[in-house]
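A.B. asks: For chain L, the structure is supplied; the task is to place chain E on it using the hints.
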Amino acid sequence: MLSIELLTGPKVSRVWKLVSISLCNRFRTNILDSYLLGGLFTFMPDIKDSFQEARNNSGIQVTEFNGEKIPFVLGLKDIRKTLKDWQNFSSDHPFKIVPHSEDELRSMRQIPIEMDPPEHTDFRALVEPFFNRPTEPDYMEDMSRLINSMITDIITGREVEVVNEFALPLQCRALARLLKVPESEADQWMEWGMHALTEGSGLEQYTAEQFARAEKQPEDNFFSMLNKAELNGVKLTFEEKQGIANVTFAGGKDTVINVVSSIIVYFAEHPEDLIFLKEDERYIMTACEEFVRYVSPLTAITRTCPHATQVAGHNVPAASRVGLCWPSANRDESVFEEPEKVILDRMPNPHLGFGFGIHNCLGAPQARLIIRSLLRALCEQVKSIELISFEPRIENEESFTRQVGYDRVVVKIS
Amino acid sequence: MAKVTFITEDGNKVMANDAVGNLMEVARENDVEGILGACGGCCSCGTCHVRVHPDWLEKTGKASEAEQDLFDIEEGTDERSRLSCQVEMSDSLDGIVVEVAPF
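Quick mapping for you: the protein sequence lines, in order, are chains L and E.
For the first sequence, position 367 (counting from the first letter as 1) is numbered 367 according to the numbering used here, and the numbering increases by one without interruption.
For the second sequence, position 37 (counting from the first letter as 1) is numbered 1037 according to the numbering used here, and the numbering increases by one without interruption.
Chain L with its partners taken away, still in its complex shape (with noise of 0.2 Å):
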């Protein structure tokens, strides 16, 4: 998840038009065929890779979004050049991170994801010990109990729906613990769906209050953190601490159910790689790298030039948007054998699928957990997963189209 403050996903269903299979005609029978085909091509079915060919010709593919051309990166080692040259490919561009821009669906800079250094290491510094959590012994404990407790109320041998009735309360639960507020708030956040980002103010005006409550009836949380932090002395603006919590309520969670419901919906399928997974602790480790490889839910982040540059051998102009495309890197031949399997103890496993450098995803050791955690939960709890149906999610854009998790997905469980 991304490179990335957190994994910032495509966040609005309307302006990354994401579709489900029902209205993706394009594709509509290659996917059909494939799950009427006995679902062999079930998980992340053959709209596989659609950079190949690009990645292996040029390492470039122009993409167009609301008229813009951006060139997307595609080869892994030159994603990670990019990554490192902030000088050239900067993130100071408000609302610009994603490649369809942001200004509508938020009114301040996200932080510290579209900052540079000096400004960014010191915001980074400020909240990461923070989104650092995740990593101690409690907290780790606390989610494994979490994560079993879900999936034994989803062993019911009945149908249970994935998406809305597992992997989005489970985001938001752990969410919860991660900014240490009561369990109950996740309850509004469910509501909001798979993107915490829309258009209209809630996630702005729900942050705005709980600073405000936080200011008045201060409480050892993310909010009260935030209001207490200085830089250099000095206390963080109101601006400034929305534009922290935006990101963090934004970024990791359409990306996080994304990538739980295709580890649900993967085991149904390869039910002798859960058995697999049981054999060595270090499974879970590497397994959980490969799913976030394998899945890669967010396509792209994007840096801007200040001055004429250029990226993978092509010239940019000053003051255009480079992509930097995380699944096409997560399949670059040349670093990964055999990128379109899943291999469970891929060792190594350099994928970027929480972006690489100074901003890498803020948040990628809770969702490590989480995944982590899921898969320790499977292990010791589930004989056996029957995949009911499903709906792909797709992204499709004027450039490219490719599935980023599912919509929808009904098992059995037991």
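All clues stand as given, with none of them false.
Label pairs and their computed distance ranges (CB to CB):
| # | chain 1 | residue 1 | chain 2 | residue 2 | range |
| --- | --- | --- | --- | --- | --- |
| 1 | E | 1056 | L | 156 | 52 to 60 Å |
| 2 | E | 1090 | L | 64 | 47 to 55 Å |
| 3 | L | 182 | E | 1090 | 44 to 52 Å |
| 4 | E | 1055 | L | 278 | 35 to 43 Å |
| 5 | E | 1030 | L | 278 | 22 to 30 Å |
| 6 | L | 276 | E | 1055 | 33 to 41 Å |
| 7 | E | 1029 | L | 52 | 35 to 43 Å |
| 8 | L | 107 | E | 1058 | 57 to 65 Å |
| 9 | L | 104 | E | 1090 | 53 to 61 Å |
Lysine-lysine pairs mimicking DSSO-like chemistry, simulated, CA-CA at most 27 Å apart:
| # | chain 1 | residue 1 | chain 2 | residue 2 |
| --- | --- | --- | --- | --- |
| 10 | E | 1062 | L | 81 |
| 11 | L | 77 | E | 1062 |
| 12 | E | 1062 | L | 84 |
| 13 | L | 77 | L | 341 |
| 14 | L | 278 | L | 383 |
| 15 | L | 77 | L | 96 |
| 16 | L | 96 | L | 81 |
| 17 | E | 1059 | E | 1003 |
| 18 | L | 180 | L | 228 |
Note that these hints are calculated values from the structure, not bench results.
We treat Cβ as the ideally placed atom computed from N, Cα and C, and that holds for glycine.
C.D. replies: Relative to the frame of chain L, chain E by itself:
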């Protein structure tokens, strides 16, 4: 059993006895500052960089291609650089000394 000495960035020495697993896991078990191992040891995150003491380089071997791809774009790396998650402890590495060197 194998012993490891980690020298952290501020010069502190952390000794680990009975070291098993890879060097990143040993460092995490002993709370060595500067070694995160966020990805669990699959060469993805680059948060477990160490420099192997010259006396031990021959036994650990040099960085793999996957490691070298990372080191090529990072400052502060050299021919002694390894990702500690990629160095498996064994009796032949008993006494090894590494410097912790976060990117």
